[in-house]
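J.: Here the protein sequences come in this chain order: A, B and C.
Numbering follows our numbering, in which position 28 of the first sequence is assigned residue number 28; successive positions increment by one, without gaps.
To get our numbering, take the position in the second sequence, counting from 1, and add 1000.
To get our numbering, take the position in the third sequence, counting from 1, and add 2000.
Honestly, the hints are just simulated from the structure, not real lab data.
Keep in mind that a hint or two might mislead.
Claimed, not checked - Think about it this way: if two alpha-carbon atoms lie no more than 30 Å apart in a straight line, the pair counts; the simulated DSS-like pairs of lysine-lysine are: (1) C:2046 to C:2447; (2) C:2213 to C:2119; (3) C:2447 to A:172; (4) B:1357 to C:2046; (5) B:1357 to A:172; (6) B:1420 to C:2046; (7) B:1097 to B:1079; (8) C:2387 to C:2447; (9) A:172 to B:1420; (10) A:172 to C:2046; (11) C:2387 to A:172; (12) B:1178 to B:1083; (13) C:2119 to C:2181; (14) B:1083 to B:1097; (15) A:172 to B:1178; (16) C:2387 to B:1420; (17) B:1420 to B:1357.
As the list claims (entries may be wrong) - Quick look at which bits of chain A chain B covers, simulated, 3 or more residues with Cβ under 8 Å: (18) 23 to 37; (19) 49 to 60; (20) 136 to 146.
To be verified - One-sided excerpt, in silico: chain C residues whose CB lies under 8 Å from chain B: (21) 2043; (22) 2044; (23) 2170.
Beta carbons: idealized from backbone N, C-alpha and C, even for Gly.
One-letter residues, chain by chain:
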Amino acid sequence: MVEIIVFAVCAAIVLVGAVGVIAARNPVHSALFLIQTLFGMAVLFISLEAHFLAAVQVVVYAGAIVILFLFVIMLLGVDQAEDLNIEPIVGQRFIAFIVGAATFVLMVATLAGSSDAITGQRQATGPLGDELTDNNNVRELAEALFTDYVFAFEATAILLTIAVVGAVVLAKRTSGEMLPVPQNTLEIREADYQARVDARAAELEANAAAAAEAGEDGSAEASSAAASDDDTADDEMADAEGGDA
Amino acid sequence: MAGLTNTLAGLDPLFLNGVTLEVLIIVLVKVVISFGVLLVSVMLMVWFERKLVSDMQNRIGPNRAGPWGILQTLADGIKLFFKEDLQPDSSDPFVFKLAPYLSLIPAFLTFAIIPIGGNFSDPSDPSKTGIITLPDWLGGESTYLQLADPPVGVLLFLAMSSIAVYGVMLAGWASGSKYPLLGSVRASAQMVSYEAALGLSLATIFLQSRSLSTHDIVADQAGAGWLGIIPHWNVIVTGFVPFVVFLIAATAELNRPPFDLVEAEQELVGGFHTEYSSIRFAMFFLAEFMNTVTLSAIMVTLFFGGPAGPILWDGVAWLWPILWFLLKLFVFLFTFVWFRATLPRFRYDQLMDLGWKVLIPISLGWFLFLAGRNVVDDRWPNTNGSLFSVEVLILLGITIAILTVGALLLYSAIRNAAEKRELEEVTF
Amino acid sequence: MLQTLLAQQAPIEAIDTPAIDWAILAPLLVMAVGGILMLTFASVLKRLPSSVWSVAAVVISLVTAITVIPLWMRVTDTANSATSTLAGAVAFDGFSLFLTVVIALSVALSAMLADGYLKREGLEGPELFVLLMMSASGGIIMSFANDLIVLFIGLEILSIAVYVLAAMHTRKLQSQEAGIKYFVLGAFSSAFFLYGIAMIYGATGSTNLIDIKNFLSATVLADDALLLAGFALMLVGLAFKVAAVPFHFWTPDVYQGAPSPVVAYMASAVKAAGFAGIIRVFVLTFEQYRTDWQPVIYVLAILTLLTGSFLAIVQTDVKRMLAYSSISHAGFLLVGVQAATDRGVNAVLFYLAVYSFMVIGSFGVLTVAGGVGDNAHTLDDYKGLSKRSPMLAFAMMIFLFSQAGVPLTTGFFAKFGVISAAIDARSFWLAVVAMISAVIAAFLYLKVIVAMFFAGDDDHGHGADAEDAADASEADADDAGHEPIDIPLGAGIAIGVCALVTVVFGIWPGPIDDLAREALPRLVAESSAFLEIGN
């Protein structure tokens, strides 16, 4: 019973967080929702007896990775909401939605339709809900890391070295001038995008004008609705400007 | 259900017979006591710091509220409660309100894993492994004198200290003005950097005590030490270096002087909490001092045997460990204030250099050294932990040689990079 | 009660770590440790001439290839000497050794190309070589991988280094663009791959390929939906790495923007490592489920062949053209994989080996001919290459003929091998599509050859694009256009070796074919005989 309640609460936290990450307009809020999701996951891990994993989840993901996200967001000053109504590539969102939805349905169908598909012969964290004395994640993990997965574990060293070298190479100061970019490709893309940004701005303006007109001759109810419309339109305009700047 | 009861059970004997109402009440009492103790200790700590600093600077310090001004903090707290709560227009309303809690709550939670009492003097005697048995008129239950002993123990402390970064970071960002943002970026960079050194110096403890649980770590340090006088504390067993690294990293993690660049008034006004006032400011203030107390307690637990100490009079045997714990805690609190009163503030690049180029390599190297020591014990068990057998000397020699080569390489690489920077006339 | 508590503090027993056969790991260790040592020296020593690093990289990768020779003797000594080590995580068979050599040689040749390139672009330094070698050690790990986690880590080592390599030219915007594009999409595909591993782990209870295969042959899964979903997701991850359609979208942009020597490496070693993963996981481990995955590969192969060939024709940029052609080559390789027979695997191995040489050769020519900035790659720029540098044009012709599959070049036997393997496996339509696409692709290669040899010199460099360019750069382009091209020593050697291999083994393919025949992949648990030696 307790387990079910814990699961339900955590699942709600995780899902709300996950939706929030993509629904929030402000990147910092997205990052906060991400932390919420990670915490929900950590609690779920604890209820599955994976204490070590839960702690690592918080230390590594919440404590390091999302912090770095926030760093980038703050230092680069991209913490303004952007106008998401302009698609960089026309039609891309529609296709992305179709593909994403199809994959999601397929996944859910796979998992929901296969109740006995998970054979689960062994786990890295040892048997679930066993004797008190077996409640030692760290030891089980260490054993897995130094027996079955010792090669993968050691190979990770190369991976980390590569990551450091790569980061340094890319972040190194460049000496000399940038090479010229061949004009043909870049100009077309830029112009196309700019045209759509302009079109969107014009559309917003037209909306705002229409709303203002409606407000003049409408009833009190209509005018209040229009006023709120007006506000959102203004906000969006401001956002678009912020994004450009 | 099975899974969750086990989780709750942990290792505390309190839960061995299932969770009854009695147990719940005991846990609740523990929560209230530790909360209260922490709050009172913060109050005293603030007063103590002010008084001590003023003594060191030949001033009088607070002396109006209560005897020796001891109630000064209470008066300040009440004042803060009734001040007007300001929220800047350009702030992010929700995050602005959230940030103080994100600072405060981790500070509380960390204290839960500290064993503040219990007789640890003899690991072979079950009644002397930190378990306190309540008198019969209180139910006769046995328990640890710590709020919780999770199997991941010290990792909880690391997790909480990484969460605490959010409080600082978001406070600065949500204020919507320049100085707090700069302050918070500085603070979080500093905290994230020193967390690495902090974690690495902790790793030597895990290596030595073979456990993450604070209770086990304290139990491991118990018992008679070498020559019967020198205690078997981790600070000695791990050879002082991890402790020194931990102390420095902890000071930086706390943003206390000499690492208080976050609040460098000359550069940043008030740092990340410039825009905060009233009760929200009080929360940051509280969290800061609470963290000081908690980190001191962590150091006592991990390096100085926690509540271990001689029991001088059997009449109140349960009280002695608590007294020893508080005494050790007091020493550390004094040290922190002493730092503040005597050391000048670091420059930012010095701070980062110290963290990345000195503390992290040293703690990594020392970790390798201790691991080599353990390998000797493992391969030649007959050395019995003796320090001067041939095998130990050979292996330590090899380890030291490797470390020396590594250190030389690192040193020349750093120098080489500095020279290159000079050649390219890059300045920071 | 307290006794139970005390019991926990009993001394901790030692963990039985698996036996390690260091000899098997030798190639990997040489490559990875070589890279790390180079990094160490680079940070300690004062600035050395760039050639030092490239020579070191070439030597280290040749040593890697040489360490394989005794291992190869050992593995082909008796029929059953294939084994695995490190708790079954590392496979030791002809397959892994063969691909190790392919990858090591790709590194050596790319490093030779890179030397002159870095000097020309003013990017001297050891970073490129270090990343190249580290990335190659990831590729070697992939070809040795007998465990899905090891495969994944190998894939990540390989890819992350290549992401950085693609963005290596820090002063060229397209290079940065290529890097970020490759990185974002690659990270996405890695996520798919990992998800697939998780599902297969859920379905079979192990990540070790031997255990998975044993489990699948011993058990009939009542419900294999999870397993199949795992197949699909893993295939997405691997198909991305080998640039199979529809996971190819990154290829043209990345190949065009990335430095040419890096592209040479990408087209050879990365593809080889990707196919190592596909063959070991699908052809070998999931043999019982071949009726489930073969149709998917069938469709992928057809799409890849046709898309690659058709889109290559409409390109005007030679580098982009070769990018699409490498997609179409991936299609041919998939044809061999789809057969899922020993013959198919042999054909794929042969293909990978000879394709590495011709593709490194072609991108080597592009490296040299691209001029400063590595930008002069339009078809117009290649007009009259035969006059500016007859050797270069001649070598390019060999490589293009070979890619087209003209007889007397290695490409002919490679294509012949995979198509006959497909026919052998009764995939007739696939064979027909492969042949048609070979013909279409031949048109494309001829287009480049015609431009190089037969297009007049008079109108070169004055295309509409060139006129748009700034005056200064136009003047540069003109200069470069009229003057004979200076071929750096390293690039010259590399291109020469590639051309030689392509022609010699095109006439006499026996040796490579024999090696490929002996290089069949095997899944063998650790032999008990070795365990005794190890202990």
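J.: Evaluate each hint against the coordinates.
T.: Checked hints:
no.: 1; hint: C:2046 to C:2447; verdict: violated (48 Å)
no.: 2; hint: C:2213 to C:2119; verdict: violated (50 Å)
no.: 3; hint: C:2447 to A:172; verdict: violated (41 Å)
no.: 4; hint: B:1357 to C:2046; verdict: holds (20 Å)
no.: 5; hint: B:1357 to A:172; verdict: holds (19 Å)
no.: 6; hint: B:1420 to C:2046; verdict: holds (9 Å)
no.: 7; hint: B:1097 to B:1079; verdict: holds (20 Å)
no.: 8; hint: C:2387 to C:2447; verdict: holds (17 Å)
no.: 9; hint: A:172 to B:1420; verdict: holds (12 Å)
no.: 10; hint: A:172 to C:2046; verdict: holds (18 Å)
no.: 11; hint: C:2387 to A:172; verdict: violated (40 Å)
no.: 12; hint: B:1178 to B:1083; verdict: holds (24 Å)
no.: 13; hint: C:2119 to C:2181; verdict: holds (26 Å)
no.: 14; hint: B:1083 to B:1097; verdict: holds (16 Å)
no.: 15; hint: A:172 to B:1178; verdict: holds (28 Å)
no.: 16; hint: C:2387 to B:1420; verdict: violated (44 Å)
no.: 17; hint: B:1420 to B:1357; verdict: holds (17 Å)
no.: 18; hint: 23 to 37; verdict: holds (count 5)
no.: 19; hint: 49 to 60; verdict: holds (count 8)
no.: 20; hint: 136 to 146; verdict: holds (count 3)
no.: 21; hint: 2043; verdict: holds (4 Å)
no.: 22; hint: 2044; verdict: holds (5 Å)
no.: 23; hint: 2170; verdict: violated (14 Å)
The structure is inconsistent with the numbered hints 1, 2, 3, 11, 16, 23, although it conforms to all the rest.
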